[in-house]
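Which chain is which? The protein sequence lines are A and B, in order.
Residue numbering for the first sequence follows this note's numbering, beginning at 25 and increasing consecutively.
Residue numbering for the second sequence follows this note's numbering, beginning at 25 and increasing consecutively.
Label-pair restraints from in silico Cβ distances: (1) A/N486 x B/R254: 27 to 37 Å; (2) B/V259 x A/E570: 27 to 37 Å; (3) A/K142 x B/L497: 35 to 45 Å; (4) A/R272 x B/E482: 24 to 34 Å; (5) B/E89 x A/D579: 51 to 61 Å.
Here are the computed lysine-lysine pairs in the DSS-like style, where the Cα-Cα straight-line distance is at most 27 Å: (6) A/K207 x B/K430; (7) A/K142 x A/K245; (8) B/K388 x A/K207; (9) B/K227 x A/K269; (10) A/K245 x B/K385; (11) A/K245 x B/K227.
Derived by calculation from the structure, the hints in this document are not laboratory data.
Built from N, CA and C at the ideal position, the CB exists for glycine as well.
Number of protein chains: 2
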Amino acid sequence: MRKTIVITLIFLQTIFLLAQEKSLTEYVNPFIGTSNFGTTNPGAIAPRGMVSVTPFNTAGKVNGELEKDSRWLSTPYVAENTFLTGFSQVNLSGVGCPELGVILAMPTTGELETDYLKYGSTYSDEKAHPSYYSVELDKHNVRVEATATTRTGVSKYHFPAGQANVLINLGLGLTNEEGALVKIVSDTEIEGIRNVGTFCYYKPEESYPVYFVARFNKPAKRTGIWKRPRKYEGVEAQWMGYNGKERRYEGYRKEIIGDSIGTYFSYDFDEPTTVEMKIGVSYVSIENARENLERETSTASFDQIRKTNDQEWNRLLGKIQVEGGSEEDKTIFYTALYHTLIHPNTLNDGNGEYPSMAQRKTMKTDGTRYTTFSFWDTYRNLHSLMSLVYPEQQSNMVKSMLDIYKESGWLPKWELNATETTTMVGDPAGIVLTDTYLRGITDFDAELAYKAMLKSAETIENNPLRPGIEDYLSKGYLTTKTTNSGSVSTTQEYNITDYAIAQMAKELGKKDDFKRYSKRSVSYRKLFDPKLNLLRPKNDDGSWNEPFDPGFGNDFVKNLGFIEGNSWQYTFMVSHDAKQFIKMMGGGKAYVNQLNKVFEQDQFDMANEPDIAYPYLYNFVKGNEWRTQDKVKELVRKYFTNAPAGLPGNDDTGTMSAWLIYSMMGIYPVVPADPSYTLSTPFFDKITIQLNPKYYQAKTLVIEKNGEGKHIKNIKVGGKPHKGYFVDHSELTETGHLEIIMD
Amino acid sequence: MRKTIVITLIFLQTIFLLAQEKSLTEYVNPFIGTSNFGTTNPGAIAPRGMVSVTPFNTAGKVNGELEKDSRWLSTPYVAENTFLTGFSQVNLSGVGCPELGVILAMPTTGELETDYLKYGSTYSDEKAHPSYYSVELDKHNVRVEATATTRTGVSKYHFPAGQANVLINLGLGLTNEEGALVKIVSDTEIEGIRNVGTFCYYKPEESYPVYFVARFNKPAKRTGIWKRPRKYEGVEAQWMGYNGKERRYEGYRKEIIGDSIGTYFSYDFDEPTTVEMKIGVSYVSIENARENLERETSTASFDQIRKTNDQEWNRLLGKIQVEGGSEEDKTIFYTALYHTLIHPNTLNDGNGEYPSMAQRKTMKTDGTRYTTFSFWDTYRNLHSLMSLVYPEQQSNMVKSMLDIYKESGWLPKWELNATETTTMVGDPAGIVLTDTYLRGITDFDAELAYKAMLKSAETIENNPLRPGIEDYLSKGYLTTKTTNSGSVSTTQEYNITDYAIAQMAKELGKKDDFKRYSKRSVSYRKLFDPKLNLLRPKNDDGSWNEPFDPGFGNDFVKNLGFIEGNSWQYTFMVSHDAKQFIKMMGGGKAYVNQLNKVFEQDQFDMANEPDIAYPYLYNFVKGNEWRTQDKVKELVRKYFTNAPAGLPGNDDTGTMSAWLIYSMMGIYPVVPADPSYTLSTPFFDKITIQLNPKYYQAKTLVIEKNGEGKHIKNIKVGGKPHKGYFVDHSELTETGHLEIIMD
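Given these sequences and hints, build the entire structure.
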């Protein structure tokens, strides 16, 4: 009897503890990165969702210097701003170019007003979780709640009594593209199309449509469309009493087309009333948008949808469990992991259909066609993290890359919604393909991948991925004549890809290719000036370009040798050739001295990719590993915090976040396309990564930190002492255990 | 044997004569009215077709002062112009406001060029019949042929060897509306939407879409879409290398939306090759446009379609046969009849569907839903002509009017493609309803029609058809305070409609209404100034508006009293009260004298409706009928010729042409809503009108002119001597015979 009571007590205590324990999504703070140009947003989203319901507060001069049209601004939401003009349903997170941020839904009260400068509102009491966003709109006294499925945004508007309106503004948007079509299907449904595109203000010929269907749970009393036509000039203007003025089409049931149009659904409520609206989205057709909405939300309530979404986030975040460490550290860690699960995102509809590259013919996939591949950023760390933690996703990402190759004839570089934006330099896809393959994700057509890699590496004429390839092949590098921007950087990028091709050739038994590409991969050496111990641009005749200021190019100033950076920030970006490079520098000491200068002279840029592996480079010089451990810790503490400004800059579709995750786990993939990690100090006592048995031998990879000292004393892999600060991916995933023993 | 030979010879001779005889469509010259602001066009069209394939030559400064954007120009084609930029598929004929003239197809050769100023061409060797238009494009060395079904334009392009392109430009158009969507479905098919509307530069909130599907008989080698986006200004413009520049989307297969977009289908021909293109149109949906195309053209060849179309024109034109008269007279007569068979035109699709008024919900009809009801013009003669010659069409027109009432709550005034443009003044629908009913076309809901007529006659608040009705009812007239334009004209128009309501009330046995509306119908008398023997505007306090110049308002100058005219041109527009009006004038002699002054002082305007019945008014004063005969003959000879300038001005959707047809037949419906005609001299020896046995007793109405004298001596109806110069419609359609015996 007594025993039963004890057991019951223990059982109840366990229940109590379980109930008290925070779910992992509670450790996510979606406001991290919403300031300091992190360009993330706090909108409700499903993992890798096509849709997010994002507060849009970057329109309207009242927002001051962070107004979307007053500068280069690439996010729908900024923590500092105060004036909200709606909730955009398709958005990019952590990018450096304005795009999407369209299908803007907005609840308003009182007489209908369709000018966003007039219906926009200040707001308060924001709440954000991955699956949920909520806010009070001060002007309208409306509480907004939002959640989402993969392809459907779900909003709940708590209206007071009186006139209530739900606007969908298709004129406003973060994108610089214009043009929309809308049709009110019934008093509970709208369908429409919005043009988007010209990411980074180029490739206008690849602008494209996004389709949507919006459904309301309550029939509107009045429905209509508004349009603001452009203002005519000249002789005809005098006959146009309506010139440039807003038009309203109340009760209209056919298509309206225009650059500045929107719909309104209005109600007259006797008492406070809640309206739910779902917006299904597709990049294929209106029919698919409707099917996505029905397939994913069916008759589910807002709360059910939110719960399902939250469970999926918890399931994915739970692939990495951390123990020890502060609540703040857990927050920045899981928020970073959440950021890596936003992009690449889903492009295909629920029925598998998606648009082909550029021409947008309708294709079909059995798996997931991913999009938003910002490879110049993500090849450095994000994809190897995906290979480790979410290999089933990474497999589909690689297959999507090959689909893109099959459709367009070229691998992607910066692919967005089936357009190739050709943003940044280099030819990074091959690095990701090789890296993934060598990490054991081999369930894709490796020969096709290899063929695709060779195409951009070998094609001389009309090569969209490797401009300047002729000079690159004949001279070994691009010159200041080849390009007026980034001749050294681009040479380095091509080298790294050639290194990846060499590794893949080796793996596939193509010995001649291995040799040839290994040689090509180190041609950057010709740009090394031993007098300066730096890389610097050369002219067409082989002479150094003069004058040369290795500090010039910081802060994104355009320069001949380097893209988004300077010589200091690029010189060490040759980790695939580290051994020889250290020799060229004059040995380990000279290398460390030179690397120290980068930090000491404030040339290091945590906010941009070329130098983000720098803190790990000390590990290449024996006896200097403590510098890596100290520097990584310092940088994490300096740049990553639980605050809106808690990212160093653009998250770059999760690249900065992936850097943080690795850095906090004590491992980093310092050599692209090399299936290994270099080591530093974990921020947690124990980290357990669930490994997918389809790809990996061990069920989990456990990283343990033991001891309280400042620096690493010993390392064990699979329980055995490990020599050096580099460890193979295969060793970790086979043994499942890494122990870091502090001194 | 000999007899047989004779018979055979006679038979052969008859065959020969029949073969020689011109078909009636050969008497139609579609170029009549294409100059002098007739605003007709020579495009290929089926009777009352939704579609016409019309040469478009009003764009481009090279066309000089008849360029569409340099002035108020309301036609896609002008005889004087020389620069052709395509073939528009939906067009209006004989209207005074720019609208439609869109879906511009253009064959070009050589390298693709999408700027119409560059691909436009001079042209030569035009041929036009109702069913057919053909032209040589000089620049491209392409022969174009066009024909049409009711809802499908069919074009044939004879290309030389080399690169050939077929453009569909959705940016260019006669309409002032913008906005289009297009999608290339395959290498032989395009679908799209074009915004149109704002006829006469108003009612922007009723702009609407026209849908189309284009099909080619040969797969294109290359297909694509071009877009010219608007030019950005401000800080963002500096990042847009593409700002305002043309974009091309080659091979693209999704929707493109924009104000200035178009498609190209390109071929590389080894030898001269013909391409046929069909464009199906609908005002309901793309699906219906496709169905219309398939239903109406199926597998028929260009020549078969043309032949069917020509047969239908001949069938309808053949409802009136004329004998005697010159070839020129036959030409202007049948061309006029052809003009009356263009508008009103078909709105519904082949499956019966059409858009409802304003809201554009999809409706369905068993008959024909007609559109383009320019009633201020057509109530005066066109609809009574239709009642006589094409009563089955007029019946459907009246039913369409009632459908419009049911959908919108109001009868139409100037209805266009299910929008109410509210062009001009007055409330003319009731006149047409009554006139039709009293002429024996009674197979519509007369009580509903009557109810509809009363609604606009009685509604005080928010009455879109009778603005100023409060003053009209209380004072008997509109004042210079009620409106700043046309207070007298509008009073007269309301009077005529009230007269029509009175006649309908009488017919339906509503005696009180008859009395009341009879009284209302003559309230214009209060605006008669016996000192001047003219109508003139009054102020709100009942005083005459000063100063008063009865000649002011000529040439469409805006003035207080009269719309599109002056006191001279309106004063006599009271034929429904002619007897009393003559008394008011001081008797027949004074009336004739005053009427003479209109002509003598060059105040008569043949080109506008208010005074077009004036030449017939002499018949109201016994002994002056010769003046009508002379004046009508003089006007026909002066204003109507077999030449582009052969109409006096805007054809006004067939009103001028109907005037000519009546005038050449020797009868005219001088009192609106009164089922009678007044008589003058026929221009032919014998006119035979086929009467529809469903509505009329006699099989034909034969009008014979006998004798060669200058003036009418005797008149016989049904073979019996007839007294006076007025004859009832019923007498003519019962006896089937009118004989005019000249002195």
